[in-house]
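Q: Spelled out, the chains give:
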Amino acid sequence: MQTVKLPKIILVVLCGLFLINISLIVFMSTNSTVLHELEIQREKLENENLSLKSDLVNSSSLSQVAQTARELGMDKPGTIYYLNTPDSVASR
Amino acid sequence: MRVRIKILFIVFCVAILGLIARLFYWQVVRNSELTAFAKLQHSLGTSISASRGSILGSDGSWLATSVEGWLLFAQLPDVILDPKTIANKLAPVFVDDKDNAVLLGETLRIEGLLAKAGAVWVPIKARVDRSKKEQIESMQISGLGFESENRRVYPEGELAGQTLGFVGKNEQGEDVGYFGLEGYWDLALKGKMGFLERETDAIGIPIIHGKQTQVEASTGVDVVTHIDKGVQLVVQKKLAEGIDKYGAKAGTIIVMDPYTGAVMANSSYPFYEPQNYTDYSNDYFKDSVVSDTFEPGSIFKVLVMASALDAGVIEPDTKCDMCSGAYKVDKYLIETWDGKYYPDSTMTDVIVHSDNVGMVFAARRIGADALYDYLESFGIGEVTGIDLQGEVSVPLREKNSWSQIDLATISFGQGVAVTPIQMLTSVSAIANGGTLVKPQVVDKVVREDWVEDIKPENKRRVLRPETAAKVKNMMVEAAKNGEAKWTSLRGFKVAGKTGTAQIPVAGHYDKDKTVGSFVGFAPADKPKFAMLVTLREPESSQWASETAAPLWFDIAKDLFPYFGITPGE
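So the sequences go chain by chain: D and E.
For the first sequence, our numbering begins at -12 and goes up steadily by one.
For the second sequence, our numbering begins at 127 and goes up steadily by one.
If you're looking for bench data, these hints aren't it; they were derived computationally from the structure.
One or more hints might be untrue.
A short list of chain E residues far from chain D (calculated; beta carbon distances all over 12 Å) [unchecked claim]: (1) Thr233; (2) Val248; (3) Glu297; (4) Ile331; (5) Ile369; (6) Lys611; (7) Thr613; (8) Pro630; (9) Tyr635.
Calculated lysine-lysine pairs in the DSS-like style (CA-CA distance at most 27 Å, straight line) [stated by the list, open to error]: (10) D:Lys63 <-> E:Lys570; (11) E:Lys375 <-> E:Lys637; (12) D:Lys31 <-> E:Lys259; (13) D:Lys40 <-> E:Lys570; (14) D:Lys63 <-> E:Lys363; (15) D:Lys40 <-> E:Lys259; (16) E:Lys251 <-> E:Lys215; (17) D:Lys31 <-> E:Lys258.
Using N, Cα and C, we set each Cβ at its ideal position, and we do this for glycine too.
Turn these sequences into a full structure, and let the hints guide you.
A: Next comes the structure, spelled out in structure tokens:
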């Protein structure tokens, strides 16, 4: 009786191990794909970030701003008047 | 039957031996080669780039940074059009200047690359920007492709070009910073590349829990400078106007905080654009402020006068008993610059009139050895240690070897060579009350989670505060009543001194070639800035009082409201 059961148990264990193995392979492979996709997404975002930085750098150039301001007719005052402020007087 | 078995046995033996031999060949003889092939197939190694840090102005805005860029390459087996046609299409995209010779040069360069015999992959143009990439892509030329790479940009164009330097390639094709800040801070800015090697499956997807080796990339640091874009913009604009107005060949302007040594603006003419450095010759890259020396002439007098006052051998009201005429030293006759002599003039008058004979009087009082010690203490003859690449210094004539004529000429700034940064740093010691500070361009070094504040560095005390105050007063008088008085700004207390130095050419001084300079600080009692202007070989006038001095005051006029300096301060 016992001699019949033993191979069956071994067979069941082997099948179980096989199924676990398959599941693990599927799980790892799925995760690898997810990781790969995340890496591609990160690279894309990094490139987009660089692209946005490029626009920001160009638009924040003080020389460009000064040039545009001049073209729009803005100019710094030619004469500056300094006013004397009256000395403070103690009040009762 | 037995024979057949024997034959079969022999055949099996031969087959087994053949198999062993073959296995030996694959596993032993070609082991390393096949291992490498296998590794290539299932492991992927990539370098992780470390982006170069930015150079920032004092307000945190960009002076230099790295943005997106592309390398244009050609996969020659896939190229269908002939090299000449492609070159004719591509060259106009890269050449802004539509000069025929430049365009032709670029066309020939590209054609040569595409016609390279035996080549499969050739790089055509590095650091291509987005608009050019899109322009080329719209041409739909087969065989051309783009590889992403970082591109160094300088958004302010030629603003502070020499101070910034540029990023070029070394012999290995790696990015390297040259000149200025890019050169001096290259190691910190460029960071360190990383590396990632891991096992992948047949289609290149990484295997989780597979073998993995990773060396993290270390990104370059950002450097925050003291450069104030507003001040730099004014200085650079005015320098260009001054060069044009006075017909000078070159010029420099530095603006510094005399208490901390913080360099707020630094400009050398002729300017260049670091981003397009390949369009300029090597002469443009050197920053004259730190790399060129000149004989300072009369601006040097304030250092000699300060030395004599500090040594206690004269006072501002000490009278010169040899100022009634030209003075003979050995076989040489020392004269004043304008041929006018002021008998019994005080030391303040000597500075106001920029009197060479009076300076010889002061120098003789202090003596060669003590003057040498003071000048050395002022930093003359040694580099200032500014954080810019390429600083030079000409040593002082050796101590104990000064003749009477050496002592006499040095007293009015001849026979001694300084860089503009040395000169301004020395005068800053007078401005701040007597301490020699180290000039600094960089204020902070910043990484994502870490900041290193670079503190101002006091080198040593050169003068007693009382002496510094006396020299300041003399310089205020010189600015108000000296030969440049016509250009001074009424109501503002400026300390300054003009200097006109003839340029030594082949062992003698050329009277027509001069360097005009003006050094000063304001407000004199508690200066917010010290500034030096030098103009090389001005044509409109050889005198600094008619070139460098008005330029100094013209810039100061814009800086006063910027720094909140009011009249009477």
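Q: It remains to establish, for every hint, whether it holds in the given structure.
A: Each hint, compared with the structure:
1. Taking the minimum C-beta to C-beta distance to chain D, about 28 Å, the non-interface status of E:Thr233 holds against the 12 Å cut.
2. Annotated as non-interface, E:Val248 keeps its C-beta farther than 12 Å from every C-beta of chain D; the closest such distance is 24 Å.
3. No beta-carbon of chain D is positioned within 12 Å of the beta-carbon of E:Glu297; the least distance is around 28 Å.
4. The beta carbon of E:Ile331 sits about 5 Å from the closest Cβ of chain D, which is not more than 12 Å, so the claim that it is off the interface is violated.
5. Remark: the non-interface label on E:Ile369 is consistent with the geometry, its nearest Cβ contact in chain D lying 18 Å away (cut-off 12 Å).
6. Consistency note on E:Lys611: stated as away from chain D, and its beta-carbon is indeed over 12 Å from all of that chain's, at 21 Å minimum.
7. Distance check on E:Thr613: its Cβ is at least 17 Å (rounded) from any Cβ of chain D, clearing the 12 Å threshold; non-interface status holds.
8. A cut-off of 12 Å between C-beta atoms confirms that E:Pro630 is not in contact with chain D; the least separation is 38 Å.
9. The claim that E:Tyr635 lies off the interface holds: its Cβ sits roughly 40 Å from the closest Cβ of chain D, which is beyond the 12 Å cut-off.
10. A distance of roughly 32 Å separates the Cα atoms of D:Lys63 and E:Lys570; the hinted pair therefore is violated under the 27 Å criterion.
11. The suggested pairing of E:Lys375 with E:Lys637 holds, with an alpha-carbon distance near 16 Å, which does not exceed 27 Å.
12. Between D:Lys31 and E:Lys259 the CA atoms are separated by roughly 17 Å; this keeps the pair inside 27 Å, and the hint holds.
13. Distance hint between D:Lys40 and E:Lys570 is fulfilled; the C-alpha atoms sit about 22 Å from each other, no more than 27 Å.
14. Simply put, D:Lys63 and E:Lys363 have alpha-carbon atoms about 14 Å apart, close enough for the 27 Å limit, and the pair holds.
15. The suggested pairing of D:Lys40 with E:Lys259 holds, with an alpha-carbon distance near 17 Å, which does not exceed 27 Å.
16. For the proposed pair E:Lys251 and E:Lys215, the alpha carbon gap of about 14 Å is at most 27 Å, so the pair holds.
17. Distance check on the hinted pair: D:Lys31 and E:Lys258 sit about 20 Å apart at the alpha-carbon level, within 27 Å; holds.
The structure fails hints 4 and 10 (numbered hints given earlier, in ascending order).
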